[in-house]
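Each chain, letter by letter, is given below.
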Amino acid sequence: MIEIRGLSKSFGTQTVLRELDLTIHDGETVAVIGQSGSGKSVLLKHIIGLLRPDAGTITVDGLDVTRATERQLEELRVRIGYLFQSAALFDSMTVAENITLGLREHTKTPVVELERIVKEKLALVGLRNIEDRKPAELSGGMRKRVGLARALAMEPAYMFYDEPTTGLDPVTSDQIDQLIDGLTKRLNVTSIIVTHDLFTVDRIAHRVVFLFEGKIYFDGTPKELRLSKDPTVQKFLERYTLINL
Amino acid sequence: MNVVAAIGRKTKRFLAEFGQISRLLAATVSYIPSTLRNPRLLLIQMEHIGTDSLPLVVVIGFFTGMVSAWQAAYQFKGLITNSFLGSAVSRAIFLELGPVLTAIVIAGRVGASIAAELGTMKVSEEIDALESLAISPIRFLSTPRVVAAFLMMPVLVIFANLIALGGALIVSNFFLGITAKIFFDSVRRFFHVKDVLGGLFKSLVFGGVTALIGVHVGFRTEGGAEGVGLATIRSFVLSSAMVLIMDYVLWTVIF
Numbered sequence: 001m002i003e004i005r006g007l008s009k010s011f012g013t014q015t016v017l018r019e020l021d022l023t024i025h026d027g028e029t030v031a032v033i034g035q036s037g038s039g040k041s042v043l044l045k046h047i048i049g050l051l052r053p054d055a056g057t058i059t060v061d062g063l064d065v066t067r068a069t070e071r072q073l074e075e076l077r078v079r080i081g082y083l084f085q086s087a088a089l090f091d092s093m094t095v096a097e098n099i100t101l102g103l104r105e106h107t108k109t110p111v112v113e114l115e116r117i118v119k120e121k122l123a124l125v126g127l128r129n130i131e132d133r134k135p136a137e138l139s140g141g142m143r144k145r146v147g148l149a150r151a152l153a154m155e156p157a158y159m160f161y162d163e164p165t166t167g168l169d170p171v172t173s174d175q176i177d178q179l180i181d182g183l184t185k186r187l188n189v190t191s192i193i194v195t196h197d198l199f200t201v202d203r204i205a206h207r208v209v210f211l212f213e214g215k216i217y218f219d220g221t222p223k224e225l226r227l228s229k230d231p232t233v234q235k236f237l238e239r240y241t242l243i244n245l
Numbered sequence: 001m002n003v004v005a006a007i008g009r010k011t012k013r014f015l016a017e018f019g020q021i022s023r024l025l026a027a028t029v030s031y032i033p034s035t036l037r038n039p040r041l042l043l044i045q046m047e048h049i050g051t052d053s054l055p056l057v058v059v060i061g062f063f064t065g066m067v068s069a070w071q072a073a074y075q076f077k078g079l080i081t082n083s084f085l086g087s088a089v090s091r092a093i094f095l096e097l098g099p100v101l102t103a104i105v106i107a108g109r110v111g112a113s114i115a116a117e118l119g120t121m122k123v124s125e126e127i128d129a130l131e132s133l134a135i136s137p138i139r140f141l142s143t144p145r146v147v148a149a150f151l152m153m154p155v156l157v158i159f160a161n162l163i164a165l166g167g168a169l170i171v172s173n174f175f176l177g178i179t180a181k182i183f184f185d186s187v188r189r190f191f192h193v194k195d196v197l198g199g200l201f202k203s204l205v206f207g208g209v210t211a212l213i214g215v216h217v218g219f220r221t222e223g224g225a226e227g228v229g230l231a232t233i234r235s236f237v238l239s240s241a242m243v244l245i246m247d248y249v250l251w252t253v254i255f
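Keeping their order, the protein sequence lines are chains A and B. Quick note: the first sequence uses the working numbering, first residue 1, plus one each step. Quick note: the second sequence uses the working numbering, first residue 1, plus one each step.
Just so you know, these hints were derived from the structure itself, not from any lab. Glycine is no exception: its CB is placed at the ideal position from the N, C-alpha and C atoms. Among the clues, some could well be false.
Derived list of chain A stretches under chain B, where covered just means 3 residues or more per stretch with a C-beta under 8 Å from a C-beta of chain B [claimed, not checked]: (1) 78 to 87; (2) 90 to 102; (3) 130 to 139.
Assemble the whole structure, with the sequences as input and the hints as a guide.
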């Protein structure tokens, strides 16, 4: 379970998060939506300890991330899979090396087993026979899938997706949505999806939180979001055309 | 008043950056045992920083040696006999030209490439991705590069010294009428092991400092391609300046 209490973060004079409270229960799939710069990615990076808050606490399975040592953070991160917005594949490594990096660094898994894991994870994200390719040789959608395979390699208990469909065409976005939905159901992981894409929210999320002015402005199901009469929510939805769904 | 405030701000920024580099150095050193236990990344960097830099170092060393011989002959004209040229050129190479010019070349080739590579990794979230995989970027990226530069710089300087000496010998022999025997007799007459060891010790420091600055600048890159470009320039400027400053400091300490 993830519990966030009174989380505040500023960059220079700009306040991004303002005493934010949020609880995410095990097995939930929560979509975090909001305008660009509303702190969605910043929120994810705080949970995994990549950013330190100005105030507040973040507890993941009983560990206070804000006070954790580097060692404790590393133990936590092994249990979290993170798909970055740009996929953040290591350009100097092959697809196979990208996927197995965490395992090679943290375990003594034999090479044969690593090869099996690469094939298995690639199959899980609908890819095959690209083990020896470099990220530069992949399309945007393939890079996201490989990023997803890498995030899944350590068998995480939590999956964080940072704008998984941004920059992809509608068909590929739809495939990525289906993939995340299938994985979430099959692997029973707790997922947080930061997104602008309300199609993704509708298709995957059990719950949606809307960040506005550094706080959680709305917290409910995707259906409740669509039915909300709140003008700020309505304005956001109109902008992102959910009404036309 | 504005000038005082500006100086204060610059001083504060300088001290903050000095603190950041000191912390990075401490963290980099703390990962040396684990890097030596699993030296794959270190060996890759040693190849990149050492072997791959060798052709450039050889060319620079050769021309440095040749021009040193011409300049020594030019300055000796009417004052000292050319039979001392070998010792003058060799001491200049061992003490100063070999270590400093190699360090400047490495600052351009290696320091800037470290800053560009890590800067690109920073802006494309690859460094965040490493951390998300519970891998310390300092252990994975900084320690192998700094240790490799620290170890390979003296090796490059040994090559640079020998090639420069060869360049000086060629000019002396073919253009200045100094035979190889006279040249090497002169080198031997005033040869001090301390000169060579002092130069190599300086090169150890130059190598470590150059890589450390490259890593520091790379890790703190912001923005996109423009940020990476600025980081590359900054790394070269800082490293070159530090090499010359450290050269002066080490000279006063060693000699």
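Checked against the structure, which of the hints given earlier come out wrong? 3
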